[in-house]
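For the record, the sequence lines run as chains A and B. According to this note's numbering, the first sequence is numbered sequentially starting from 1. According to this note's numbering, the second sequence is numbered sequentially starting from 1.
If you're looking for bench data, these hints aren't it; they were derived computationally from the structure. Computed from a predicted structure; not experimentally measured. Careful, some of the hints might be misleading.
Below, a list of computed lysine-lysine pairs in the BS3-like style, where the Cα atoms sit at most 30 Å apart [stated by the list, open to error]:
{"id": "1", "chain 1": "A", "residue 1": "K41", "chain 2": "A", "residue 2": "K64"}
{"id": "2", "chain 1": "B", "residue 1": "K68", "chain 2": "A", "residue 2": "K41"}
{"id": "3", "chain 1": "A", "residue 1": "K14", "chain 2": "B", "residue 2": "K68"}
{"id": "4", "chain 1": "B", "residue 1": "K42", "chain 2": "A", "residue 2": "K41"}
{"id": "5", "chain 1": "A", "residue 1": "K66", "chain 2": "B", "residue 2": "K42"}
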Amino acid sequence: GAVVSQHPSWVICKSGTSVKIECRSLDFQATTMFWYRQFPKQSLMLMATSNEGSKATYEQGVEKDKFLINHASLTLSTLTVTSAHPEDSSFYICSASRGNQPQHFGDGTRLSIL
Amino acid sequence: KQEVTQIPAALSVPEGENLVLNCSFTDSAIYNLQWFRQDPGKGLTSLLLIQSSQREQTSGRLNASLDKSSGRSTLYIAASQPGDSATYLCAGGGTSGSRLTFGEGTQLTVNP
Numbered sequence: 001g002a003v004v005s006q007h008p009s010w011v012i013c014k015s016g017t018s019v020k021i022e023c024r025s026l027d028f029q030a031t032t033m034f035w036y037r038q039f040p041k042q043s044l045m046l047m048a049t050s051n052e053g054s055k056a057t058y059e060q061g062v063e064k065d066k067f068l069i070n071h072a073s074l075t076l077s078t079l080t081v082t083s084a085h086p087e088d089s090s091f092y093i094c095s096a097s098r099g100n101q102p103q104h105f106g107d108g109t110r111l112s113i114l
Numbered sequence: 001k002q003e004v005t006q007i008p009a010a011l012s013v014p015e016g017e018n019l020v021l022n023c024s025f026t027d028s029a030i031y032n033l034q035w036f037r038q039d040p041g042k043g044l045t046s047l048l049l050i051q052s053s054q055r056e057q058t059s060g061r062l063n064a065s066l067d068k069s070s071g072r073s074t075l076y077i078a079a080s081q082p083g084d085s086a087t088y089l090c091a092g093g094g095t096s097g098s099r100l101t102f103g104e105g106t107q108l109t110v111n112p
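Just chain B, with the same shape it has in the complex:
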């Protein structure tokens, strides 16, 4: 059974700082790894999806990496902005189109 853990649970940084969010998973037979953003009281916004055959994905100021052998993924946010404040969730997918197992999230606050 896949288990996903995120560290830290909460993070507060000043605006402009580069930061890294960590995600670890127990089952290396992961099909894909997704990073989501969730604003308070809202649903999920997909940020990046890394297939098991890939090592990283980039979108704007975001870069996500995947290391299956160590069971880790990181989300790097460059030049953080107050608008980046949200909860960031990572989720591991089993076979294609199947269930996602979510971590408990990192609550990020970027202070102006």
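With the rest of the complex left out, here is chain A:
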């Protein structure tokens, strides 16, 4: 089946630093990648949708200058949390899809900002 790899799985960093999370589709070309955020005991909330070679479309309330998304190839998308603060601590999950196919999810990245 389709495999999506997310890296790192866990990161701890100081407040004010920037953190990059990678999402790779290992065995298929992903025309669309999605980034979700999940706070403890809550469900997944879509942050943004990115199509390869295009600017990401952000959901209402998500700051595009804080959460930088790059989808430069059909197998890789990155999410950079700039100047991270403790309130950005969360579980970030990416998914990837090809055309009309269902989304395949990565294993998530737990981000802890001290």
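Assemble the complex: chain A is given as a structure, and chain B must be docked to it using the hints.
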């Protein structure tokens, strides 16, 4: 705007029991409905996907149904096992390949 609700939020059952998890959605123009499993601190595992033209899907001990007219989906788990303990999420999809709207999940505990 699609809204997805899951009931109950938590469920604890003894091993071997059959159980039903419920999911409701507000927009009947749903393209598909997916059920996922999430273990603590992990990503999502897709369990079943029901297209809007379908009424149900089955995989092993799992059966999911979809009733667009009433805005409901159910996940039936037969002969539950402790290994079934996890959070179960349902998600409604818009047009093909587009965003998914997730419910808040049902946390299932199956006691040995």
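For each hint, the structure was consulted:
| no. | hint | in the structure |
| --- | --- | --- |
| 1 | K41(A) with K64(A) | holds (25 Å) |
| 2 | K68(B) with K41(A) | holds (28 Å) |
| 3 | K14(A) with K68(B) | violated (47 Å) |
| 4 | K42(B) with K41(A) | holds (13 Å) |
| 5 | K66(A) with K42(B) | holds (25 Å) |
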